[in-house]
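If you're matching them up, the sequences are chains A and B in order. Under UniProt numbering, the first sequence is numbered contiguously, ending at residue 337. Under UniProt numbering, the second sequence is numbered contiguously, ending at residue 337.
I should point out that these hints are in silico values taken from the structure, not numbers from a laboratory. Since the model is a prediction, treat every value here as computed from it, not as a measurement. Among the hints, a few may not be true.
Unchecked claim - If the Cβ cut is set under 10 Å, some of the chain A residues that face chain B in the computed set are:
hint: 1; residue: V14
hint: 2; residue: V15
hint: 3; residue: E17
hint: 4; residue: R173
hint: 5; residue: P174
hint: 6; residue: L175
hint: 7; residue: T197
hint: 8; residue: E215
hint: 9; residue: V218
hint: 10; residue: G308
hint: 11; residue: G332
As the list claims (entries may be wrong) - With beta-carbon atoms standing in for the labels, derived distance ranges:
hint: 12; chain 1: A; residue 1: F209; chain 2: B; residue 2: G205; range: 18 to 28 Å
hint: 13; chain 1: B; residue 1: D88; chain 2: A; residue 2: K206; range: 48 to 58 Å
hint: 14; chain 1: B; residue 1: D317; chain 2: A; residue 2: A203; range: 39 to 49 Å
Every residue, glycine too, gets a C-beta built ideally from N, C-alpha and C.
Number of protein chains: 2
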Amino acid sequence: MVGMKKLINDPADVVSEALRGMAAAHPDRLRVDLENRIVYRKDAPRPGKVGLISGGGSGHEPMHGGFVGVGMLDAACAGEVFTSPVPDQMMAATKAVDSGAGVLHIVKNYTGDVMNFEMAAELAAADAGTEVLSVVTNDDVAVQDSLYTAGRRGVGVTVLLEKIVGAAAEEGRPLQEVADLAKRVNDNGRSMGMALTSCTVPAAGKPTFDLAENEMEVGIGIHGEPGRQRLPLAPAREIAELLVDPVVSDLPYQQGDSVIAFVNGMGGTPLIELYVMYNEVAQLLDRAGITVARSLVGNYITSLEMAGCSVTLLKADDELVRLWDAPVNTPGLRWGA
Amino acid sequence: MVGMKKLINDPADVVSEALRGMAAAHPDRLRVDLENRIVYRKDAPRPGKVGLISGGGSGHEPMHGGFVGVGMLDAACAGEVFTSPVPDQMMAATKAVDSGAGVLHIVKNYTGDVMNFEMAAELAAADAGTEVLSVVTNDDVAVQDSLYTAGRRGVGVTVLLEKIVGAAAEEGRPLQEVADLAKRVNDNGRSMGMALTSCTVPAAGKPTFDLAENEMEVGIGIHGEPGRQRLPLAPAREIAELLVDPVVSDLPYQQGDSVIAFVNGMGGTPLIELYVMYNEVAQLLDRAGITVARSLVGNYITSLEMAGCSVTLLKADDELVRLWDAPVNTPGLRWGA
Numbered sequence: 001m002v003g004m005k006k007l008i009n010d011p012a013d014v015v016s017e018a019l020r021g022m023a024a025a026h027p028d029r030l031r032v033d034l035e036n037r038i039v040y041r042k043d044a045p046r047p048g049k050v051g052l053i054s055g056g057g058s059g060h061e062p063m064h065g066g067f068v069g070v071g072m073l074d075a076a077c078a079g080e081v082f083t084s085p086v087p088d089q090m091m092a093a094t095k096a097v098d099s100g101a102g103v104l105h106i107v108k109n110y111t112g113d114v115m116n117f118e119m120a121a122e123l124a125a126a127d128a129g130t131e132v133l134s135v136v137t138n139d140d141v142a143v144q145d146s147l148y149t150a151g152r153r154g155v156g157v158t159v160l161l162e163k164i165v166g167a168a169a170e171e172g173r174p175l176q177e178v179a180d181l182a183k184r185v186n187d188n189g190r191s192m193g194m195a196l197t198s199c200t201v202p203a204a205g206k207p208t209f210d211l212a213e214n215e216m217e218v219g220i221g222i223h224g225e226p227g228r229q230r231l232p233l234a235p236a237r238e239i240a241e242l243l244v245d246p247v248v249s250d251l252p253y254q255q256g257d258s259v260i261a262f263v264n265g266m267g268g269t270p271l272i273e274l275y276v277m278y279n280e281v282a283q284l285l286d287r288a289g290i291t292v293a294r295s296l297v298g299n300y301i302t303s304l305e306m307a308g309c310s311v312t313l314l315k316a317d318d319e320l321v322r323l324w325d326a327p328v329n330t331p332g333l334r335w336g337a
Numbered sequence: 001m002v003g004m005k006k007l008i009n010d011p012a013d014v015v016s017e018a019l020r021g022m023a024a025a026h027p028d029r030l031r032v033d034l035e036n037r038i039v040y041r042k043d044a045p046r047p048g049k050v051g052l053i054s055g056g057g058s059g060h061e062p063m064h065g066g067f068v069g070v071g072m073l074d075a076a077c078a079g080e081v082f083t084s085p086v087p088d089q090m091m092a093a094t095k096a097v098d099s100g101a102g103v104l105h106i107v108k109n110y111t112g113d114v115m116n117f118e119m120a121a122e123l124a125a126a127d128a129g130t131e132v133l134s135v136v137t138n139d140d141v142a143v144q145d146s147l148y149t150a151g152r153r154g155v156g157v158t159v160l161l162e163k164i165v166g167a168a169a170e171e172g173r174p175l176q177e178v179a180d181l182a183k184r185v186n187d188n189g190r191s192m193g194m195a196l197t198s199c200t201v202p203a204a205g206k207p208t209f210d211l212a213e214n215e216m217e218v219g220i221g222i223h224g225e226p227g228r229q230r231l232p233l234a235p236a237r238e239i240a241e242l243l244v245d246p247v248v249s250d251l252p253y254q255q256g257d258s259v260i261a262f263v264n265g266m267g268g269t270p271l272i273e274l275y276v277m278y279n280e281v282a283q284l285l286d287r288a289g290i291t292v293a294r295s296l297v298g299n300y301i302t303s304l305e306m307a308g309c310s311v312t313l314l315k316a317d318d319e320l321v322r323l324w325d326a327p328v329n330t331p332g333l334r335w336g337a
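The task is simple: from the sequences and hints, build the whole structure.
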């Protein structure tokens, strides 16, 4: 099939086979409900601990299933590629991780995800009396409304939020406090991304959009949704400015601020280029008088094999940095454990 | 430039700018000698500890610079993309990490790398009296001789070896023992890779080789060297057999064996596809009666943005598994620390 070179079998089986692969690769940490397409932390529910759930369309790996484990999520619901999971999955996960301390839903702002998580929360409350709070991430400064979203899209800050809020939940904090922290992280984070190439959804079999050999799309979403502008290819230095400037001026991040700086690959961009980009981003922040307290460079919230990157900044105080540094043990993010 | 969509500035600056990016992103763990293009563990040399050095052409990130840190390498020398570093770099690194306990060179079997590391060992011995031993990895079962190699190429087992031998060196074992262990790991490891697409070396500006829309290359090397055969695109299930069968039958791995199983991405293949591949590999091993003691799935020894994967097996006894599990703290591989 022209335009689709992938390591897959039947396109219809990609998500379930990848989940089988995760189950086979991480039996020490994860338990996978293949029927409902839910990845669980092996020891969930943890007595007294607030349950953390996220989920969304597949194709953004390691997000979210790869962020399940000690110090991060208790469960992740996988939809088809670029398609929201259904409320039944989310309800099953919600009930399964509730130890009685309640559950926080971490939802990227896409209309389908938001609606389905809301419905799942209502169903779980009605069915099992589970107390559910939600946080909706909407950190993408690129566009106000988008193909699948009213308001701003939820992107890179979701990774940082799942890590930081995961550490807080691990400490045994109560649900409202965990939800407040999640909101604080989202409120202090901003992102913007760009693409050099499209990706191809397996079931579609052809690229999501066309981009000429000499073009790039700036402000793109993680499903290939149109961004702010198409521009001629540019050096990494200019691309970094096109991403960092709108991010910095939006919150705004100011001289003297301390941030967690995250340069994310879209899936098809090699690490050597992400470090070239990080070098540019670090210089821009340095010139703006913004201190990098912690950094993350790699492919964490991806768009299948799309080439490109995004930049996320999170204004960080001592508490957020301490929670960032806390032990985490997931397939996608691991330290101190 | 047609055929080259990359997040870079001047192609001539890719390696030095990526090293600057690494230095900026990991100041807590790494010290980077930008002039000599050497990534050092921040606290090297460690008194009484054997120094571990590797290196090679750039473009395989996170290998090797991303494997420098506690429990793995003391230093890595970066060459230009797909080009061996020079003996002067290797000599400088060798002298710098020698605490008096000697230095082990971990060398992938490519003619330039082998020759230059040998020369560096002689220079360091003559200049500073440094005792150097070497291990050359040659785990690729695909072809006997190749474009840049006499004998088999060194590929995926190098990642596993750097981790395991790094743990042994961290325990304070003497040089000869560390070198013997390295040889044992290499002798018990086998790999084979494949590509769906070529990659483009920045300085060349065009794809290294041509591969039709309906073709794949099986047995390819990590620089795009020709493999065993070009075949029509096939499902993941068949690709897994084309890689696992020659690997298993070569050592051979036998019923009852225990292995560390490593499914590696070539750089441009998204994680969701690597898990689909791991699912197939795990089933093949299960059917052969081979037990997976530990697994690794992700992009660790890459070929720029090439799409494809490789499979590495390492026959593992209790000691190797214990050393694999030991704490490691590098940008590319981290747990327990």
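Please list, smallest to largest, the hint numbers that this structure does not respect. Of the numbered hints given earlier, those the structure breaks are 4, 5, 6 and 9, listed in rising order.
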